Amino acid sequence: MQPVDLNPKRKKENPLVWIFEPLERDPEYSRERFFNFQAAYLDGLLYLAVASGEEPWNGLVVCTSHDRQAGLLEAFPVLAPHPVLGKWLYVSQRDPEFETVAHQMVKLARERDPRMGVVPGKRKRSPDVIEMKSSSRKKKSW
Numbered sequence: 001m002q003p004v005d006l007n008p009k010r011k012k013e014n015p016l017v018w019i020f021e022p023l024e025r026d027p028e029y030s031r032e033r034f035f036n037f038q039a040a041y042l043d044g045l046l047y048l049a050v051a052s053g054e055e056p057w058n059g060l061v062v063c064t065s066h067d068r069q070a071g072l073l074e075a076f077p078v079l080a081p082h083p084v085l086g087k088w089l090y091v092s093q094r095d096p097e098f099e100t101v102a103h104q105m106v107k108l109a110r111e112r113d114p115r116m117g118v119v120p121g122k123r124k125r126s127p128d129v130i131e132m133k134s135s136s137r138k139k140k141s142w
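Each residue of the sequence shown is one higher than the one before, starting from 1 at the first, in full-length UniProt numbering.
The set of hints was computed from the structure by calculation and includes no laboratory data.
Just so you know, not all the hints are guaranteed correct.
[Stated by the list, open to error] Result set (SDA-like, lysine to any residue): computed pairs, CA atoms no more than 20 angstroms apart in a straight line:
1. LYS12 x ASN58
2. LYS107 x GLN93
3. LYS107 x GLU97
[To be verified] Computed Cβ-Cβ distance ranges for the label pairs, DEER-style:
4. GLY86 x GLY53: 15 to 25 angstroms
5. ARG112 x GLU54: 25 to 35 angstroms
6. VAL84 x ARG33: 14 to 24 angstroms
7. ALA80 x PRO27: 29 to 39 angstroms
8. GLU28 x GLN104: 15 to 25 angstroms
Model, not experiment: these values are computed from the prediction.
Glycine is no exception: its CB is placed at the ideal position from the N, C-alpha and C atoms.
When you get a sec, could you build the whole thing from the sequences and use the hints?
Have a look at this one:
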């Protein structure tokens with residue numbers, strides 16, 4: 001009988017994190033949650049991210065910029081600009097070449113390919129969230 005997880009808030013492990021295993025030997029590698037992605041960072045730069053949800057959030061995202069896309073698209077025609085995150089490139093895990101391309105992207109990331117890697121932005125919070133946080137810190141006087 002399978003054990004049942006009684007904590008409904010617990011996040012399930014992303015089944016695509018195996019892609020990052022070759023990076024684990026790199027002392028400058030870290031893996032962190034990035035919205036609904038698991039993201040691979042090298043030297044503090046965001047290189048790759050994986051998501052396993054509904055399309056277009058079901059595959060590998062290559063973190064790059066518009067001005068560096070052309071070289072990657074030419075070398076890897078299976079990559080395409082992500083339909084929502086247009087400056088980043090995407091390959092769905094439904095694509096027959098997914099595993100091959102994923103391995104190639106990890107190899108390029110390990111080599112610090114200059115076409116990849118972006119400075120991660122700071123997460124922006126809405127003014128409502130900021131207000132809630134600051135008001136919850138105020139001491140109540142009875």
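Look at the Cβ atoms of VAL84 and ARG33 and judge whether their distance stays inside 14 to 24 angstroms. 18 angstroms, holds
Between ARG112 and GLU54, does the C-beta distance stay in 25 to 35 angstroms? 32 angstroms, holds
Should the hint that GLU28 and GLN104 are 15 to 25 angstroms apart at their CB atoms be regarded as holding? With a Cβ separation near 20 angstroms, GLU28 and GLN104 satisfy 15 to 25 angstroms, so the hint holds.
Could you tell me whether the CB distance from ALA80 to PRO27 stays inside 29 to 39 angstroms? Hint holds: Cβ distance 33 angstroms, inside 29 to 39 angstroms.
Holds or violated: LYS107 with GLU97, Cα cutoff 20 angstroms? 15 angstroms, holds
Range hint compliance [Cβ, GLY86 to GLY53, 15 to 25 angstroms]: 19 angstroms, holds
Are the Cα positions of LYS107 and GLN93 separated by 20 angstroms at most? Given pair LYS107, GLN93 holds - Cα atoms ~18 angstroms apart, limit 20 angstroms.
When you check the alpha-carbon spacing of LYS12 and ASN58, does it fall within 20 angstroms? 15 angstroms, holds
Violated hints are absent here; each numbered hint is respected by the structure.
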